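Per the working numbering, the very first residue in the sequence shown carries number 85; after that it's consecutive.
Take these hints with a grain of salt, some might be off.
[To be verified] Restricting the straight-line Cα-Cα distance to at most 20 Å, the calculated cross-link-like pairs of lysine to aspartate or glutamate (EDC-like) are: (1) Lys108 x Glu165; (2) Lys104 x Glu165; (3) Lys166 x Asp111; (4) Lys136 x Asp103; (5) Lys112 x Glu165.
Derived by calculation from the structure, the hints in this document are not laboratory data.
Predicted model, so just to flag it, every value in this text is computed and none were measured.
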Amino acid sequence: MVGHHYKLHHLHKREKSKDKKSVKFLDKFMYIIAIIIPLMTIPQVLLIWINKSAQNISLISWCAFLFSAICWLIYSILHKEKPLIANSILWIILEVFVIVGVIIYA
């Protein structure tokens with residue numbers, strides 16, 4: 085899970101690209117990545133909830149991940165970065181499931 089919240093930041097305005105096809109492809113690809121990568125947390129969520137056990141799951145780490153995702157969500161909303169917004173929302177949902185599972189089953 086380490087590093088799962090590192091995202092590219094966009095403090096500059098996008099320059100008009102001469103190669104619009106590759107930019108459009110990359111934009112679509114990033115939407116796919118923004119959705120798929122957080123879904124990789126589902127096995128962890130299922131392990132906690134199906135087994136009713138959160139043994140060896142760090143509440144502090146998952147709370148830090150949640151804090152990070154909330155910060156990224158705020159950032160991405162302010163910068164109108166739709167892939168990052170989708171990514172952050174998915175992370176927040178999944179992290180809440182993990183945190184609640186850890187609180188209940190630890």
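Taking the hints in turn, this is what the structure says about them:
1. Lys108 x Glu165: Holds - the C-alpha atoms of glutamate 165 and lysine 108 are around 14 Å apart, at most 20 Å.
2. Lys104 x Glu165: holds (18 Å)
3. Lys166 x Asp111: Holds, at roughly 10 Å.
4. Lys136 x Asp103: violated (51 Å)
5. Lys112 x Glu165: The hint holds at about 13 Å.
Comparing the model with each numbered hint stated earlier shows that hint 4 is the single one that does not hold.
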